[in-house]
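Number of protein chains: 2
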Amino acid sequence: MSLFRLDASINPARSQSRVLADLVEAEWTSEHPDSSITRRDIGTDPLPSTLWRDIVNSGATDEADLTPAQREARATATVLADELLDAEALLLAIPLYNWGVAAHVKSWYDVVNTDARVKAGALKDKPVVIASVLGSNYAPGTPKEGWDHSTPWLRRVFEEVWGVDLLLVQRQFTLVGVNPALDQFRDAAAEIQAAAEQLASEHGRALAGKRPAVR
Amino acid sequence: MSLFRLDASINPARSQSRVLADLVEAEWTSEHPDSSITRRDIGTDPLPSTLWRDIVNSGATDEADLTPAQREARATATVLADELLDAEALLLAIPLYNWGVAAHVKSWYDVVNTDARVKAGALKDKPVVIASVLGSNYAPGTPKEGWDHSTPWLRRVFEEVWGVDLLLVQRQFTLVGVNPALDQFRDAAAEIQAAAEQLASEHGRALAGKRPAVR
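Respectively, the protein sequence lines represent chains A and B.
Per my numbering, numbering through the first sequence is continuous, rising by one, with the last residue being 456.
Per my numbering, numbering through the second sequence is continuous, rising by one, with the last residue being 456.
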């Protein structure tokens, strides 16, 4: 068995998405102790911001006529796509940044989505867990309801475009205990954290139990 | 008078957001022929993907104790914020990419939003036009309704977070005439284009006529 794990936090030492994803990974490893795990950290080692542009603007140019930058960009896209295609399950740790999709995640998606195999549906039915964290509470009925513009896009592109078999676990209110203005929400945040951690472990067991689609 | 213009297309030669923004700019220039125009192109010259991370992770570190990369990142953020603060009006040409916010735009926003003056509300009531283009048609009632995950985030962060005075013009269906599969929509796309171009000119005249908020 093989797992691919993506981390997108820009601050690994304080990353709560990493903590949540670790719970998922622990269940995977418990079920598949011999599994290989391929890791990519786009928070600490972000992709060059020119990558997607260089691929798109290379269009249908023959390999022989590419600029060195275009050739390298296409090769990187193939490496990134291979990481997903070669794994039997995917685990993605993705924070919400500034009420939207983390820029590094969007860059990574843009590049992977240039791969012809990915475009042709090669990720369909691939088991995926996304572990997402949000600094505030964006749940229905809260003042920030509707301010999470990351999750709807993640669901759109992973579920509807790529057709993966997606399980999502979110922990809201991760800034409670960090931002003193949120101290009044300590109890609520503790409950949210406990529930999110339990769900992460459940999703980890579910991920480990899934049989990958045969292609 | 002074205008700041941002372009985010990764392909200037074929950029339709640029065409739309040119119409806005033409009205501005017609009204203010002596206006300076500051331009930043984050599509052709994207910001380094490490910039925001280096700023955030520098936290409250004293200037003297910053790493060279952190010092340069903070200085770049100040330059980017100055460009907005120094202009009396802003014009932003932003395409929809892969159903979401263009990664370069999110990176730029993240960096600008670290500036203390911006955080304190210095952009409140600044007149802004966003000229946005979308390859398909995402209008209500179409099969792709809800797939534009860029505009809701743009409105959120410009209107609600920064509090700017925003006018938005969108041109949908820009891939008609480019993607043969969409040829059946030529008439609809021509109507959409004409309406968008008219609105762009109207927004340009409105932008030129606004008196900047006195601070």
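Hints may contain errors.
Heads up, the list lumps identical chains together, so a pair's fine if it works in one copy or across two of them.
Unchecked claim - Once the Cα atoms are required to be at most 25 angstroms apart in a straight line, the calculated BS3-like pairs of lysine-lysine come out as:
#1 Lys-385 / Lys-451
#2 Lys-365 / Lys-451
#3 Lys-385 / Lys-365
#4 Lys-385 / Lys-360
#5 Lys-360 / Lys-451
Simulated from the structure, these hints should not be mistaken for laboratory data.
Hints, verified against the model:
1. For a Cα distance limit of 25 angstroms, the shortest separation of Lys-385 from Lys-451 qualifies neither inside one copy, at 35 angstroms, nor across copies, at 31 angstroms.
2. Proximity of Lys-365 to Lys-451 under the C-alpha cut-off of 25 angstroms is restricted to the intra-copy arrangement: shortest distance 14 angstroms within a copy versus 51 angstroms between copies.
3. Taking the shortest alpha-carbon separations for Lys-385 and Lys-365, only the inter-copy value of 20 angstroms comes in at or below 25 angstroms, while the best intra-copy value is 33 angstroms.
4. In the homo-oligomer, the alpha carbons of Lys-385 and Lys-360 lie at most 25 angstroms apart only across protomers (18 angstroms), although the nearest pairing inside one protomer, at 35 angstroms, exceeds that limit.
5. In the homo-oligomer, the alpha carbons of Lys-360 and Lys-451 lie at most 25 angstroms apart inside one protomer (24 angstroms), although the nearest pairing across protomers, at 46 angstroms, exceeds that limit.
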